[in-house]
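Mind docking chain Y on chain U? Use the hints.
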Amino acid sequence: MKKYFKDGSTYVWLTGAMASLSMLLVAGLFLLIFYYGFSTFWQSNVATVKLKDGSYISGEFKKEGKNYNDEDTIQLKIGNRDLYGLDFRWFTKKNIDSVSYDKELLLVERNEWGVFYGFPKELQIGNESIIYERDKDRFYQILEQKLKFKKTVVMKIEDLEHKISKINYNLKNLDLERKSSTLERKEEIENEVLLIEEKYQVLEKRLFEQADKLKNIKLRLYTSDGLEKTLTLENIERYLKPNSLSILGKIGLYFSKIWEFVSDEPRESNTEGGVFPAIFGTVLMVLIMSIVVLPLGVIAAVYLNEYAKPGKFLNLVRICVNNLAGVPSIVFGVFGLGFFIYGIGGTLDQLFFSDALPSPTFGTGGILWASLTLALLTVPVVIVSTEEGLNAVPKGIRDGSLALGSTKWETLKNIIIPSAMPGILTGLILAIARATGEVAPLMITGVVKLAPSMPIDSFFPYLHFERKFMHLGFHIYDVGFQSPNSEAALPMVFSTTLLLILIVITLNLTAILLRNRLKKKYKGMI
Amino acid sequence: MAQFKNNIRKKIEPFRKFKDNAAKSIFAFGGFFIILSIFLIIFFIGKEAVPLFKSYQVDSNKNFLTDKEISENIIDFYPDEYNENLLFVNKDGQLNFYNLNTGKIKYTYSPVLLENETIVSSNSFAGDLDRILALGTSSGRILSFKLKFKLKYTSNLDRIVDLMIIPSTSITLSENAIIKFDLIENEESVTAVVLDSNKEIKFFHSEENNEEILSESLETSSVNKVYNLTTNLRNPPTDIGLYFHKNKVVAASEGGEIFLWSIENNQVVLLQQFKLSENQINKITMLSGRNSMVISDQNGSNFVFFLINNNLLKIRELPKHEHPIKNAFRGNLKKIFTSVDTKGNVKISSTTSGKELLNFKIKDYDLINFAFKDIGLLSFQNNNIEINEFDIEHPETSLKSTFTKVWYEGFQQPEYVWQSAGGTDDFEPKLSLIPLIFGTLKGTFYAVIFALPIAILAAICVSQFMAPRLKNIIKPVIEIMAALPSVVLGFLAGLWLAPRLDSVLVGVIIFPILLILSSLALPPIWEKIKEKTIIKTEGIQFFVISIPIIIIIFYLGLVLGEFIENTIFFGSFTDWLYQSAGVNYDQRNALVIGIAMGFAVIPIIFTISEDALSNVPQHLVSGSLALGASKWQTALKVVLPSASPGIFSGVMIGIGRAIGETMIVLMATGNTAIMDWDIFNGFRTLAANIAVEIPEAPVGGSLYRMLFLSSIILFMFTFIINSIAETVRIKLRKKYKEL
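Protein chains in written order, with the numbering used here: chain U, 10 to 535; chain Y, 944 to 1682.
Bound-form chain U, shown alone (with noise of 0.2 Å):
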């Protein structure tokens, strides 16, 4: 025994199982996000409980716990919020006296108020009725023909709205310029803004026929315990038979449900639907603060080390630069909302837009002011790794390009910067994945829960960098921590954690593996 403490086989064994856990902790960390990111999209059976008292209802099993009894309990998803007022609720296994899955229930996806569990009734349209128990088929046929047919309403109506707000939109023009305009000009104003509003009253009145076309039909359902419940089309996102899919079939409403949620838009303040908005955000603000950080980290670490005099000093600078790496994200959210914002944005504001004051243009959060913010916190970043690159390329290549004649310029342009192409990509690419993980400064910086518009579209000048915008980081903590509903919004915020690991993720192994090739590259030579 005393020699196993002597020759330290067991302080052995401890560093060991540290570095196991540290592994441990990476992985289960990953098969956590991974484990609920995925099955989110899973639909599982959904059964009909029927309780000791004799009453029934439906929902989806999540998971199991124990009460204060000690008794075995198991929570369902019952969704019909408005009938219930929740969205789960937690029975106690010894009250439950059957479960049974139905073939025929029904699980609507719908606008407003989360799913619906119930089982068919009666199509009305207009007049006519089409009795679900009478003829099956047809009902469904009915129904799929209907939801078609909104498909294309649908589409009219977002054309429509389109026109809308392009009238708004000169509206706003139009009532910008009437504010500092002569008399005259105050006049035409006024006619074409009659002109204009007349346009708006046709359109409207046309949007408001397409949407009650689709008011006209109705779906008729009850749940389990026998309740009814009237949906209108318009309310109705998509419905499903689970408990009657098959495998395959289950498989392809998987990836219908995950290309919705990168595709589509959010619905009930964010916590279903998709998450598009927020890609789009986090791509756009990223690729504005790529175009500014780039120039600025190679321009910087070529001055220090192609330009600069070495020495105490120049060693010193390095320090700093790469201290404020270390610096923490909010301080540099600090200064973009004191500097960008209220400095910058709101002298913009009162130079350019002072027709628009009291309320800011530039002088609020925006997707530029965000994108500036992060630049200035990814510079370190980028002049580090491209310094690391310029210095890894070897004497021997520099010396050869000036003794050959070229000129410091041209060795810099033609030799220096390809060569130490890897090492500014790494940098490039940390910064982006740094940025995209990164919400404290954006949080005071431009980024919203739900951006009205995104920050670009068919309007001049098409860019719109004022505009505040999604990011997925935020999403997360805005659903999880701010929605009403937080247990509901759960598992839209693993996927979304899920999509954003991924991205940040992938970025980092591009970086990393561009590093060992640079390294690779230059390994042996001087």
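Any given hint could turn out to be false.
Below, simulated DSSO-like cross-link-like pairs (lysine-lysine); rule was C-alpha separation at most 30 Å, straight line [to be verified]:
#1 Y:K1142 x Y:K1218
#2 Y:K967 x U:K318
#3 Y:K1677 x U:K318
#4 Y:K1095 x U:K181
Hints are computed from structural coordinates only; laboratory data are not their basis.
Below, chain Y without anything else, positioned relative to chain U:
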């Protein structure tokens, strides 16, 4: 041919040189500028924070002359919000609204007075909606009026302030003239205390609404609600004040005594009576909110008193004057106090910190008043009005109030408090950074406690005992951990870990103990296995075996934990904790933060330590092994000491990361700014506090600037820590090179 080449060369050569020089200047200028501007960030943030602690001065000193006749009968005057118009109160009751710039009276109002009645005293304060003006008359009445100011702009954007006066209340308190009075008037009730020319103190309270009192105004039927408080006094009273409770009255006397009465159930109770000093007390100034008061005496001293548990307590002394104090004013919007002595010296001080904010001297005066929005002091003599304007932006902040304990209104003792917003209008922001700095350190401490052993021991294992092939897998995996967005860690900690932790708490606490115990028991068995099979410690096989063992130990910990919880802690550890130790278990607590932030810190400490450990020159290791030391002995006695500066710098950088971490703390603690080291409580850090409060902070306000100050502190913290780490690391690298 050669000629031709030379020609080209001559043509190109200058251009090349020019390009080279241009590039040089662009890079030199651009690079220098970029780096400089990055560092300018700190100066910008600092610039925003500096006004918190600046000293103030008088911005402008203006003098106006009025007509002699206008100013003849004046007993008092009140400025509007912009110091542009004055409301003159005449002896005969006439109220004139006078514009300083035009020199004309814009509006006159004459209240109904009794025969031979004159106005003796007046007072003005903020009511429920409007400002209220109250007049004390020679026949013992108090008349009050609502002042309705209306703001208009002309087409040239010139400001016009109009005034309407609406009579509100009229109460009779005495047969004698009212020398001084204090009044609380709002929708529900009217309360007044007066000091009359007969040196008697009278108190009046009525829950009836104003109209009812008004209707009976000219009769003295309300006398039955009047209480005489004079019985206890030995020396003549000098001033009186009314607390917000509406039934507590304070009075001061010529002999330096202070009295506190309470009027309850139609009875007058003397709660307290004491002698402050031998000096005559000149003024009682109730501070805004009427929670506390300042007492000014003949000796020039100003003392702040709080009413704590029906007891007046001297809290602090405000800046002292050389001469007796003649007038004193409270700030209406800000927690400031202004005193003027007999020689015209004015001192403005913060009632919260006691700091002197501004002092200046004014000319001799007969009448004086403080601007309604705390932006100036107006004094009046003969027909000259002197206006001194100033803007005290941040009276509540000083270095002392930010970093030391402050005794705030309504508190039992001095405390460090961060509370930036409250429910009521007269809420006083409490901006002490100490609780936040404390929270930052607490979070960092628990994160490092969790991360340090795992990261360093793992680094030792990976660098010393592991086969290179395995090392190439493990290192990147742990490094990937560093790239995890903190919002993800925060979300998992807050919504996944925190709700699950309390039920397995004992198991989680036992787990590390079991792990250490297992390291004592397992190696002998491991050696046996090694002897009998071909499995080696260094290889991947170690992990294949140790990972399941750790999982088993963890599971054992959970089972054992549940057992212990059921037997020793009567089924619930958290309940037991609350009942026996009084510790309240918050679901989002420091333990959760420690684990979550540990995830962020482990890869940092691990990577840097591992680098330092594996870069220890190989000949040192070989030498040690050759001398017969075991691998562990070499690692402990040779490698670890020479790499310790590197490990140190890794820990420092890890600490730097934990200090500035925002999202994890924001999402996984309750963000309550309490000061308690307890692991089961939450806290609020500097960084999370900025994220929470800055979107709501008005630009340029004290809170806004205070948040900029916290940013500076965060910046400094991390910058210094990282600099130390970096210097140590560079020195170590040099040392290795020399070896």
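Structure-based check of all given hints:
{"no.": "1", "hint": "Y:K1142 x Y:K1218", "in the structure": "holds, 19 Å"}
{"no.": "2", "hint": "Y:K967 x U:K318", "in the structure": "holds, 13 Å"}
{"no.": "3", "hint": "Y:K1677 x U:K318", "in the structure": "holds, 21 Å"}
{"no.": "4", "hint": "Y:K1095 x U:K181", "in the structure": "holds, 28 Å"}
No hint from the list above goes unmet by this structure.
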